[in-house]
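Residue numbers (our numbering), protein chains in the order written: chain A, 1158 to 1553; chain B, 1158 to 1553; chain C, 1158 to 1553; chain D, 1158 to 1553.
Incorrect hints may have been included.
Simulated crosslink set (SDA-like; lysine to any residue; CA at most 20 Å straight-line) [what the hints assert, rightly or not]:
#1 B:K1472 <-> A:N1396
#2 A:K1391 <-> A:S1159
#3 D:K1178 <-> B:K1472
#4 B:K1391 <-> A:R1257
#5 D:K1178 <-> A:R1257
Here are the computed distance ranges between Cβ atoms for each label pair [to be verified]:
#6 B:A1427 <-> C:E1529: 54 to 62 Å
#7 D:G1490 <-> C:D1201: 29 to 37 Å
#8 A:A1235 <-> B:V1264: 23 to 31 Å
#9 C:T1479 <-> A:D1419: 29 to 37 Å
Please keep in mind that the hints were generated in silico from the structure rather than gathered at the bench.
All figures in this text were calculated on a predicted structure; none of them were measured in a lab.
Note that beta-carbon positions come from the ideal geometry of N, C-alpha and C, so glycine has one too.
4 protein chains.
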Amino acid sequence: MSFQNPVFIPGPTNMPESLRKACDMPTIDHRSPVFGEILRPARDGIRKVLKGGKAEIFIFPSTGTGGWETALTNTLSAGDKVLAARNGMFSHRWIDMCQRHGLDVQVVKTPWGQGLPADRYAEILAADKGHEIKVVLATHNETATGVRSDIAAVRKALDAADHPALLFVDGVSSIASMDFRFDEWGVDIAVTGSQKGFMLPAGLAIVGFSEKAMAAVETAQLPRTFFDIRDMAKGYANNAYPYTPPVGLLNGLNEATKMLLDEGLENVFARHRRIADGVRAAVNAWGLPICAASPDLYSDTITAIRTPDGFDATKIITHAATRYGVAFGVGLGEVAGKVFRIGHLGSLTDVMTLSGIATAEMVMADLGLDIELGSGVAAAQDSYRNSGQSFQVAAE
Amino acid sequence: MSFQNPVFIPGPTNMPESLRKACDMPTIDHRSPVFGEILRPARDGIRKVLKGGKAEIFIFPSTGTGGWETALTNTLSAGDKVLAARNGMFSHRWIDMCQRHGLDVQVVKTPWGQGLPADRYAEILAADKGHEIKVVLATHNETATGVRSDIAAVRKALDAADHPALLFVDGVSSIASMDFRFDEWGVDIAVTGSQKGFMLPAGLAIVGFSEKAMAAVETAQLPRTFFDIRDMAKGYANNAYPYTPPVGLLNGLNEATKMLLDEGLENVFARHRRIADGVRAAVNAWGLPICAASPDLYSDTITAIRTPDGFDATKIITHAATRYGVAFGVGLGEVAGKVFRIGHLGSLTDVMTLSGIATAEMVMADLGLDIELGSGVAAAQDSYRNSGQSFQVAAE
Amino acid sequence: MSFQNPVFIPGPTNMPESLRKACDMPTIDHRSPVFGEILRPARDGIRKVLKGGKAEIFIFPSTGTGGWETALTNTLSAGDKVLAARNGMFSHRWIDMCQRHGLDVQVVKTPWGQGLPADRYAEILAADKGHEIKVVLATHNETATGVRSDIAAVRKALDAADHPALLFVDGVSSIASMDFRFDEWGVDIAVTGSQKGFMLPAGLAIVGFSEKAMAAVETAQLPRTFFDIRDMAKGYANNAYPYTPPVGLLNGLNEATKMLLDEGLENVFARHRRIADGVRAAVNAWGLPICAASPDLYSDTITAIRTPDGFDATKIITHAATRYGVAFGVGLGEVAGKVFRIGHLGSLTDVMTLSGIATAEMVMADLGLDIELGSGVAAAQDSYRNSGQSFQVAAE
Amino acid sequence: MSFQNPVFIPGPTNMPESLRKACDMPTIDHRSPVFGEILRPARDGIRKVLKGGKAEIFIFPSTGTGGWETALTNTLSAGDKVLAARNGMFSHRWIDMCQRHGLDVQVVKTPWGQGLPADRYAEILAADKGHEIKVVLATHNETATGVRSDIAAVRKALDAADHPALLFVDGVSSIASMDFRFDEWGVDIAVTGSQKGFMLPAGLAIVGFSEKAMAAVETAQLPRTFFDIRDMAKGYANNAYPYTPPVGLLNGLNEATKMLLDEGLENVFARHRRIADGVRAAVNAWGLPICAASPDLYSDTITAIRTPDGFDATKIITHAATRYGVAFGVGLGEVAGKVFRIGHLGSLTDVMTLSGIATAEMVMADLGLDIELGSGVAAAQDSYRNSGQSFQVAAE
């Protein structure tokens, strides 16, 4: 097992040295006051990263999937109606979870590569005079397609219909890398994990609840214990957990939020955009289409790249791994075999990204695609040279 | 925050250097074959530690509490009947979880300090001619009281009644430290976590399912997604997870099982008994009663020590932490304020244990208890000197 | 190989977690300005630890022995006269080095267990009207015998004779643990290493030169290149080294000086005294003599303990290692087989020390010495309980 | 300080994860038998890496410079005659050290960029009928110019003249990366350090002595103590050191030799050649001359690249560091300002190397050099794609 090359999967990301060290912590007593000095600032930091000044933050030893389940089981009851669009693998899975928990999901089928259909949402919400829809689900950044949707537009749809439904947003692959505005967008529950923008190992589900979402907890009938935020809130009141917390990982999360806030959120977002611009310049130079249907949908954390018809894109992932020791992301679901994905989030530099682009070129050439060696690299170099940025030291 | 002194809480334990390094792993692609080389041997190793040759092993990014929920939601439906005894905080919590998930729990109230009432179980099971009881819950080692129960006796009760109920065992604070016999005892689901006998940070729920438990999954109606073992099994078939796994922690688990099996399970158990014997010798020398009602109930991983009436045992924990930088376990639930607990599981030596005993003596003397300095240490030294063991290097 | 128990050798010491992490540093360019941000504050910090405001600090990839050689070769020429006392293994070795480098050493034989004979120095210096003696060597803390000498008295002897000889002090096992006053004592060269009071791995020779010592460099004829401080000084002027520096270890040194200065030097010294007092109380309780001849000579970093006549003290070291996994210091030179040594410097707590004392008791009892189990522990507990200190968190 | 990008300096190299962990070791007793289990295999491993079956291996807490001093002071006396060529900064410095130690060096001036002049050596040795020349110095790989010399040819020159002079070889930047044949080439002393082919932090001087060199130790008069191999040999006989050894770094060295031997030395050398070929292809594509005068002199660990007349090559290093966070090697001595150097030794992959090449292109373009973006990358990609190698996992 080699750890030499950076990874280019859409999370877990490359980890900063300092965060690895923060996670690698000897055992302390998680019931002692010292633990509060980790937990409290970590929750405060996340609140700031979410731009959710009034959000209640809960952190579970789990993953983003557990975060989804936290959102649903704490606010809904069997048979409750949910509105959602299926425009990629992760929105698909969240819908599937709703159905397995006995919720009634109105699914708006949406082509993969498109963003959330805020217009359709608006029509459906306007038509729902009886306010049967309890929750609207929204995947901010579809990790499978590299599509970022417009959450403000979804909020507008709700407001236009004067609809009281809660707005739940999956921000797993956007939060801490791209702009997210919990308060401004009127998000009721935001879900993310530790292994993407926070640059940590997987193992934490991070959720923010609005006041309105907190109120829904009282009446929700779906059974839950592990993910019950009432137990968690009771624990937090004593700087503790209802069960044994993963202290080192929480310590890492605390450091990660400090690191992000020290760099400045807008700088973090600009850095992701700069690196993404280079990747997109390379893809253009290769003459391959980006899966996201239009530039306004381009994700700054993941680019899914369509390969020519008849070519099995999965071979790129296998060949890159076995021949060059580099990991890219495979196509999932409807776009399996049709795209490969370059993750460009978390701890990454222009220079590291160039090595991923160079590798993709070698791999595609090896597999017979008509790619000129160095062409994507040159385009990305051009993009990075002219970005007007000096070297980012804050990311470490 | 000081990391100099060992901790004496009943988990998370002191961590071996090698396991910390195994957990502190750079990012790899969790969808690559390399991940299988971690996951497969980790699951095989756990199967051996459980002595459960036929058990299906599932590992969730969660905690022991999540392991309980995995057991219940994958095998039961709302309204199903469960038999359980409440003899400590952790059995209490599992019962509570059952009730919150809509199960009908027949609770056998049992004094804290006593083991599971296998005789009462036998009577109840024999009386349940209609086999309405679907599951019997058993807490192998009550972490709150330091009581180890006789699981073989519970199995015998089931067999004597020829009762088909499933046997679910909480082995969180026993597995990998004290003998556990999944196959021989006819356990249907065993639950544990990463942070006790496996000497790792918290963050993993580890569960073993018998063939009979696997069969129950097909008919269980309780909603679940994150903890659904069917998704997990499907993932494992491809050496993958249904969501992002905590790779470093799993790597640590793989190394932990290797370390335990290399030392030899019987040696691991003997080591825990040897260390526990020293602690118990010290407690006897102090003239304080052990919470566990009789020697056959003594746990080899935790000793709960009763302090004199009128004394608030919680002060021991606070004073030890603030004055000497040492963490002991607080009394919980019915024995809050009445006991303090010394955890003696995981990565620990005779020598480290002596420092915990010496600290407890200073603390109790500082707080006015009539404890002769050095008395418990001398008794433990005597015990360790005569244990006939040479220094255990395998534990590192 | 087990890393579970603390070590009780007189260095290398137990390492604080934070210093291990500071040393474990990825590769940087040691010719880049970043390196200066490590080197400059490290040198400044050492100057403060030495209380040598005017000292020039040099740090070599070497050990204390290399520090001695740096002192001699940079200031002396073959045939130069040196005054020294031999009162232990380390003063013996420095004398040996002088002789191997062609220096003419006037050796004052001194019983092991005694301090430096300042009175004899005074006589000899007064008699040296021609000022042939160029250097007086002084071992501040004899690691072999646990004897701390009075450097101020040596300075007084020089001043009384109005003698211009340079004063070279070996502070390897005192600096950063016991009070050292470079300026006040008129020290011309102080020598130490990374692995004692600085709590780091071995690998650095640390030396401070006075202005007078710097002047001697110009005329010194002993050949040197690796240890030539002129090359080093030239390098430092550019924040660089004349060869490749051990960057991680220097980073650790920088952090170590910060940690010590943050705690406060007087607090660091008091902490060492407090811990040493407990060890000495234990030795008294055992009824064994301390090697240092009188209390004013007691070292706060090492206690050498005499065992009864006819008993081979070396067996204690071997038995402690193989039976209990604990390392003590062996007797060296004239006291080989007659003493064993407990190192109590660096990163250590009262609680850790008690485990060393408890181990020594078991070992001595195992080997047939008439030691009452728990007796030394009780005496040390008594000492620690009444020290009036709350838990030291700064040492981490 | 960012640790994200790989370094491209000619040592210290990028470190494998496993070696960092091997070095980051808690304190053990360096006088215990455990230490022998580190020292013995480390020395054996180095012997194999040197292909010096009969070599005595000594490892000092020092650097390559200390290794040179070890070689000289253990075998020579003031006034002894030494033959050496000055063809770069490091041969220059070794000559300077000889002179500072009172040796009489016959210097063969050689253009920088050329290899050692074996023909001139042959003439001089043949003319030295009285065998006054005691030692011939040879720098195997000139780190300043990226020139590898032919040591077998120097041996041939000695043999042709039937000259008994010892052959001392500086292999600091070749050993463990390029083929080195201690026995076959009749090397008498080989010198290297920990921070190049062994991929560790700086801090160790590693030297191998032939039987003939060992014999010379008996008569050598140069003063030495720290570097005296007689003390070291005496220590090794007891698995110990004459002073405190840097245990963690030695543990890393032991692991490094295992890693190299597991991969297979010839595979290690081929890997370095493959990566170097890609760098050289890039340099050719840029149309810049390589400093080494002819392909037979090309080093597989460092490439020094001449920049156009009138351009200050030092700007490349500064700009790469501040604008892109990447470290290259500066020109030294006669070629200062005229070359920049790409280090390509140690823990490096094709993919990492491509990022260095891409960075160099951006830097040169930014500074106004006429370099086509992507041109060097494309040439290197072509080289790596056709190398017929699959991904090297052994280097981790």
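Could you tell me which of the hints above the structure violates, numbers in ascending order? 2, 3, 5, 6 and 9
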